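All residue numbers for the sequence shown refer to the working numbering, where the first residue is 1 and numbers rise by one.
One should not assume that every hint holds.
Claimed, not checked - Cβ pair distances, simulated, as ranges:
1) 62 / 42: 15 to 25 Å
2) 8 / 31: 39 to 49 Å
3) 35 / 2: 41 to 51 Å
4) 50 / 9: 34 to 44 Å
5) 63 / 10: 23 to 33 Å
6) 10 / 49: 33 to 43 Å
7) 38 / 8: 33 to 43 Å
8) 4 / 31: 38 to 48 Å
9) 63 / 40: 12 to 22 Å
10) 10 / 33: 31 to 41 Å
11) 2 / 45: 33 to 43 Å
12) 9 / 57: 16 to 26 Å
To be clear, the hints were calculated from the coordinates, so they are not data collected in a lab.
Note that the structure is predicted; figures quoted are calculated from it, not measured.
C-beta atoms are modelled at their ideal positions from N, C-alpha and C, and glycine is treated no differently.
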Amino acid sequence: MNFNDLKAKALNKKQMRAIKGGSGTCGYKSPSGDVDCGVTKAQAMHMATAEGNWCCDSCASSSYCG
1 MNFNDLKAKA LNKKQMRAIK GGSGTCGYKS PSGDVDCGVT KAQAMHMATA
51 EGNWCCDSCA SSSYCG
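Please model the complete structure; the sequences and the hints are all you need to start from.
Below, the structure is given as C-alpha cells:
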C-alpha cells in the first residue's frame, strides 16, 4: 500500500474529533483545581463541569494529565 492509498482511508479531522475515549483513558481538572487522570469519559465530563477541563485522547498533551 502506498501513501496515497493510506491517506484515502485515513480519518479526517472531524472524524478524529468524534472518537470517544474508552474506560480509564480520560482525565479532568475541575473548576476548584482538583485533577484526576485514568477515569472514564463520563466521570471526567461530570467532574469538569462547564468551567473545568476534561480530556481523553489528548490527555498526554494536557497540562494536568500530561
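In rising order, the numbers of the hints this structure does not comply with:
none
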